[in-house]
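Undergrad: So the protein sequences, as listed, match chains G and C. Taking our numbering as reference, the numbering of the first sequence is continuous, increasing by one, and the terminal residue is 909. Taking our numbering as reference, the numbering of the second sequence is continuous, increasing by one, and the terminal residue is 909.
If you are wondering where the hints come from, they were derived from the structure by calculation, not from laboratory data. Some clues are possibly wrong.
Which copy? The list can't say, so a pair holds if one copy fits it or any two copies do.
As the list claims (entries may be wrong) - Cut-off 16 angstroms, straight-line C-alpha distance, at most; resulting in silico cross-link-like pairs (EDC-like, lysine to aspartate or glutamate):
| id | residue 1 | residue 2 |
| --- | --- | --- |
| 1 | Lys-750 | Glu-565 |
| 2 | Lys-750 | Glu-454 |
| 3 | Lys-854 | Asp-777 |
| 4 | Lys-750 | Glu-562 |
| 5 | Lys-568 | Glu-391 |
| 6 | Lys-750 | Glu-713 |
| 7 | Lys-610 | Asp-398 |
| 8 | Lys-204 | Asp-214 |
| 9 | Lys-863 | Glu-396 |
| 10 | Lys-610 | Asp-866 |
| 11 | Lys-225 | Asp-783 |
| 12 | Lys-854 | Asp-221 |
| 13 | Lys-610 | Asp-486 |
| 14 | Lys-863 | Glu-849 |
| 15 | Lys-864 | Asp-344 |
| 16 | Lys-864 | Glu-454 |
| 17 | Lys-568 | Asp-856 |
| 18 | Lys-864 | Glu-396 |
2 protein chains.
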Amino acid sequence: MSNALHWLIPVAGLAAVLFALYLARDVLSRDKGPQAMQDVADTIREGADAFVKRQYTTIALLALAAAVIIGVVIALVESPDVADVRDLAGAPIGALTAFAFLVGAGCSMASGIIGMTISVRSNVRTAAAARRSLVEAVQVAMRGGAVSGFLVVALSLLGVWGIFTLYDTLFDKVTVATAPFVIVGFGFGASFVALFAQLGGGIYTKAADVGSDLVGKVEAGIPEDDPRNAGVIADLVGDNVGDCAGRGADLFESTAAENIGAMILGVSIYTIASLAGWPNPEAWIFFPLVVRAFGLLATIVAVAFFIRGREDEDPMNILNRGYWVTTILSVVGLAVTTFVMMDTPGTTGASGIPVWVWFFLCGIVGLVTSVVFVYITQYYTAGSFRPVREIAEASKTGPATNIISGTAVGFETTFVTALSIGAALLASHWLGSQAGLKNAAGNDVGGIFGTAVATMGMLMTTAYILAMDTFGPITDNAGGVAEFSRAEAGAREITDRLDAVGNTTKALTKGYAIASASLAAFLLFSAYIDKVNLILGNRGEAPLTSVNLADVGVFVAAFIGAMLAYFFSSLAIRAVGKTAQSIIVEVRRQFREIPGIMDYTARPDYARVVDITTRAALREMVAPGLVAVAAPIIVGLLLGYQAVAGFLMVGTISGVLLATVLNNGGGAWDNAKKYIESGNLKDDQGNVLGKKTDAHAAAVVGDTVGDPYKDTAGPSLHVLVKLIATITLVLAPLFIR
Amino acid sequence: MSNALHWLIPVAGLAAVLFALYLARDVLSRDKGPQAMQDVADTIREGADAFVKRQYTTIALLALAAAVIIGVVIALVESPDVADVRDLAGAPIGALTAFAFLVGAGCSMASGIIGMTISVRSNVRTAAAARRSLVEAVQVAMRGGAVSGFLVVALSLLGVWGIFTLYDTLFDKVTVATAPFVIVGFGFGASFVALFAQLGGGIYTKAADVGSDLVGKVEAGIPEDDPRNAGVIADLVGDNVGDCAGRGADLFESTAAENIGAMILGVSIYTIASLAGWPNPEAWIFFPLVVRAFGLLATIVAVAFFIRGREDEDPMNILNRGYWVTTILSVVGLAVTTFVMMDTPGTTGASGIPVWVWFFLCGIVGLVTSVVFVYITQYYTAGSFRPVREIAEASKTGPATNIISGTAVGFETTFVTALSIGAALLASHWLGSQAGLKNAAGNDVGGIFGTAVATMGMLMTTAYILAMDTFGPITDNAGGVAEFSRAEAGAREITDRLDAVGNTTKALTKGYAIASASLAAFLLFSAYIDKVNLILGNRGEAPLTSVNLADVGVFVAAFIGAMLAYFFSSLAIRAVGKTAQSIIVEVRRQFREIPGIMDYTARPDYARVVDITTRAALREMVAPGLVAVAAPIIVGLLLGYQAVAGFLMVGTISGVLLATVLNNGGGAWDNAKKYIESGNLKDDQGNVLGKKTDAHAAAVVGDTVGDPYKDTAGPSLHVLVKLIATITLVLAPLFIR
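Could you put together the complete structure from these sequences and hints?
TA: Here's what the structure looks like:
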């Protein structure tokens, strides 16, 4: 057991930030293409900047208000005489929590804003590169995406480490063993921002997509991304604010909250190690951060040296190569970290095998789970397998059977999801418990820490996954820019290929986000119980040894938690509908009142649509956001700390399953449409049923239905499940009376 | 406390059977109308008889196999020396359980078959009565429906009471306090039959509906129920086998399983009462059956004397009047039962209020909950309120927005559902705990019994609700018969009005079934824990005091339980799609190969479609059925008895919520279409958007999508949640190692 690797945390974090800056400079220095391309890109950029500015202003105000409330409430509950976390008496816990909240919120906003700033500048450069070379276009898009990826993970790592070190240094009462409980506010701040960023962005992007498609493609009969459609710029802006800023905030939150949760669990082992007199017991607390640092380094190597290939290669291969490099280097990093930080000569787990080996295997379980999810998602959403083909076949008998078939596929995807998550949890828990770490009461704490290590293992590749994800909106936009500026056919062909790859990477990221949220659920939940028991212990009360579903209060709270996922999704989906309605009305008005749009003699007023969408999306994000924040607080206040734990766990299960249904169902519908467009569907006589057939029209209906499922409600549910976990963690003292 | 009311159980049961026979004779003696009507009705009847005969043969074979397996497995686990239920050592528990299973399965099948036999004979008589008078038509349909209602509830009551008395009399070892544990097999048998009856019937009815609509209305352009469509008879047969036989089996199962569960909980109080030396402690065990007997008597009065009204009255009013009479008489019956059976002079609960008053109030909570659900369902599925209007408005922009809007509505309905169930559980638990009944260990047992009494209160009106439900398919069929036989316009107008009312009553019944399943979940779950603890106690092990969600095995089992609802629904929905496909192929073939169908010179081969649908539906019901049966057994064997409890509870929560979404979403889509057809939707210029507009076409897509949701997957989920409860109850000894 050694602290020898602690220095890696700031070093890897800073290295990632510097590398992101280098990538940003590299991308920005590239050719922006002809003036026509630059004009479109400028319009998109202005729209995105305007939305993000207004959105983040709103979020900042909400976060400020929330910070004040949190600070005051916690200060009131935690009177200095009866501080609830052992040894923290006398420290200004309310203020510390509120400050950590603000830092978490600030870091999340910063990484979102900077990432998106680069992303809206990468699109045109990708389009320009596509005029010359496929590989160059892949590089530009991937490097632009990697800026987001690195900043998100590095800021989360540096933020957690920084505030931990700051509090530990400045306040006597805050020690290595108590700090994780105070910095939980950081995770709450991150989830708070993530919720509104994902909701606002998700509503914007899909309302713009659905709204402009309905009025353009369906009513006016003009193609997608046609410059005559006043909603088309809003649609392109939406890709950036939803897929890029939204998912970035989502994964910022994952890495932050899961780091802190794992550190809280590490405190239990720190206590065991201290009592046993092992050297450097705090290594157990820093372990999650060091693992994350190795993940960053692995990703830097992959992005710097392995995003290259032949012009005739499938671009997905190029990205996959980088992913495998990241994964393999992560395995090495995991081995080094567990060996250096967990090896205690003379202490072994079951069968005489060293402690670190057991935890190394837990980490491998996490990495394997992430690979499994990549394949599950591909199976259910790619055109080469049964599910998508089934939906395409069902489109022959019209939109109703298309929808029924897609629903069945979405529901079906929960099966392998639940079994994989279950297997990963059971395996990592069993492996962890073999390490033989027992606390003073004789209870095994290694099992739960094993699940935390699995989560850490899975999250090592986050920066790379996020880079691939942001690759999606960049190439999507590049395609839009090329179409809009009427670029050469060769460039269009390349951007189309990249766009298809981007759709796949976006789907994979969602699968990854779901899997990590599920593994993290158990971790955060265990951290909550640890915190509750510290508080109960300090108050001289019996610990919470069980969250008893047979208790009527817990059961009712679990019921309400399970319902929350549906209700929240209902609000999010309805918000898309309402916002889309405003867009439809405005685009229709422009077609009617601005003569000459249809024959290209007049330019539609794109900015007005962008502005209307911005205002509507921001207005509509408030209700679902507040419901998500208020629900755990109300349940906790009314039904108590044990019931809120039931709310949290069953709410997470329900949220994860519903998100799986919405993401995969939506992805499968999307690709069923593409399957038909690519001429894969045939009638009984063997004739191809392609575009402009009834089957294609039916598939378009499914695709449109899937839009708010997979890009608004589904991803927002990822954030929801983590938000309810961080809220309950921070506000635990409130629920104990 | 007194046994003075026990005699009511067989008397009310027999009275209900006799009354059902009287009603059946009355209905059968009525005018069958002109020959044309009789011909259609005969064809429907033959098709229904053929399906039911084959379906029940299949189910009977499956049940027989299951009974043998259960008997052998339990005999092996429960060796005579170490019988797991106290004092049962020496009794042939395996054989007793298997026999009870067969009796439960047999009673369920009998009530389904007899009820449907009357229902398929009531349709033509209702159509004939509609040629003369609205009130007479309502009476015929309601009396036909009441035959099912009374038989289902009476056979369940007599079955449970009969087998209880039989075992108690024949076997020394079986006493009043042990019998409830042995007769659990009855409930399992009932759920086993219910699952396959509902699945097979649900798949049949919706496959026939969707299949014949798609090929007739959409492809051939002929109206619904048109005699030229070869699938139309299968569609009419489907109403009977799905809505009538299926829902009957569902509620047979509810009343049986919930009676037995409540009796098991009553054993705890029986023990307290015995120790305290109160007279007739067994009254606590018989209480659920006596309450049910009063419910039957209340329903007899309502059906016999209150189904009457004026010719110009809204038929829904007539039915509502009967419902209120049943409810009010039930309140009286509840007061009598609690006062006579629970009053123990000298013993009072909190605030000096007698024990019986507290439990009376619990029963009132149940009755109120059922009324609340009736109104919730109406709000979400009737055209006069916001949700349905919103879906209709969304249809203006096409099928995609119709689907998105309907999904949002379906999701939203979980909110009030969860809050109402939660409130009912908390209220009845609190009221019950005020009775102050503590067991030897000092734990309150009144709270859980309070939730059981609430369930009993809610289920008092089951026979009436079921009569209203069966009213649905009878009037639906009457409409089809009238259309098919080209009856007078006046008769058509009356059957149309009754059909609309029938749609409402069918929706209400589903809301009622959901609410009772949710309340019962907690009851059955508590019964499971009681049984597990008896077994553990007998084996000299520590009792299960908690189902700890923080245990990784319990959490994983809960995750899998929550997933089961989705996976099962996916299989059920896909089964409808596959069966519908066979129908489409066959009807298309007939249009092609039998010339003269379209100009009425040739008759399509209806019987062949009926036969194909029958075979396909029976084949497709097997996979989801086996998944439902196997899942709890596998989880229990792999993860143990505590984990399976988590599986059960969270599986129930998830199943109830998903069923709510599917039932209400489907109902709302259906009525949005009707809202448009009735000319309520207008465009911006105030023109009516009715039939044959794009908005109507969009609404038809929503209606079709909703069909398998609300009539196959949703209702099958009701059965699923009760099935997993009865399986775990019966097989509990298997999971304890």
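Undergrad: Taking the hints in turn, state whether each one holds.
TA: Going through the hints against the structure:
Taking CA atoms no more than 16 angstroms apart as the test, Lys-750 paired with Glu-565 passes between copies only; the shortest distance there is 12 angstroms, against 32 angstroms inside one copy. In the homo-oligomer, the alpha carbons of Lys-750 and Glu-454 never lie at most 16 angstroms apart, since the shortest distance is 52 angstroms inside one protomer and 60 angstroms across protomers. Taking the closest pair of Cα atoms, Lys-854 and Asp-777 never come within 16 angstroms of each other, the shortest separation being 41 angstroms inside a single copy and 30 angstroms across copies. Only between protomers do Lys-750 and Glu-562 lie at most 16 angstroms apart by alpha-carbon distance; the minimum there is 11 angstroms, versus 32 angstroms within a single protomer.
Proximity of Lys-568 and Glu-391 under a CA criterion of 16 angstroms is satisfied inter-copy only: 12 angstroms between copies versus 23 angstroms inside one chain copy. In the homo-oligomer, the alpha carbons of Lys-750 and Glu-713 never lie at most 16 angstroms apart, since the shortest distance is 50 angstroms inside one protomer and 59 angstroms across protomers. Taking CA atoms no more than 16 angstroms apart as the test, Lys-610 paired with Asp-398 passes in neither setting, with 65 angstroms inside one copy and 74 angstroms between copies. For the homomeric pair Lys-204 and Asp-214, the shortest alpha-carbon distance inside one copy (11 angstroms) is at most 16 angstroms, but the shortest distance between copies (77 angstroms) is not.
In this homomeric assembly, Lys-863 and Glu-396 come within 16 angstroms of each other (Cα to Cα) only inside a single copy, at 13 angstroms, whereas the closest approach across copies is 31 angstroms. In the homo-oligomer, the alpha carbons of Lys-610 and Asp-866 never lie at most 16 angstroms apart, since the shortest distance is 65 angstroms inside one protomer and 68 angstroms across protomers. Taking the shortest alpha-carbon separations for Lys-225 and Asp-783, only the intra-copy value of 12 angstroms comes in at or below 16 angstroms, while the best inter-copy value is 65 angstroms. When the C-alpha separation of Lys-854 and Asp-221 is checked against a cutoff of 16 angstroms, the pair qualifies neither within a copy, at 45 angstroms, nor between copies, at 40 angstroms.
For a Cα distance limit of 16 angstroms, the shortest separation of Lys-610 from Asp-486 qualifies neither inside one copy, at 51 angstroms, nor across copies, at 71 angstroms. When the C-alpha separation of Lys-863 and Glu-849 is checked against a cutoff of 16 angstroms, the pair qualifies only within one copy, where the shortest distance is 5 angstroms, while the shortest distance between copies is 32 angstroms. Taking CA atoms no more than 16 angstroms apart as the test, Lys-864 paired with Asp-344 passes in neither setting, with 71 angstroms inside one copy and 77 angstroms between copies. For the homomeric pair Lys-864 and Glu-454, neither the shortest alpha-carbon distance inside one copy (65 angstroms) nor that between copies (73 angstroms) is at most 16 angstroms.
Proximity of Lys-568 to Asp-856 under the C-alpha cut-off of 16 angstroms is restricted to the intra-copy arrangement: shortest distance 10 angstroms within a copy versus 33 angstroms between copies. Within a single copy, Lys-864 and Glu-396 get their C-alpha atoms as close as 14 angstroms, which meets the 16 angstroms cut-off; across copies the closest is 28 angstroms, which misses it.
Hint compliance for this structure: hints 2, 3, 6, 7, 10, 12, 13, 15, 16 are not met, and every other hint is.
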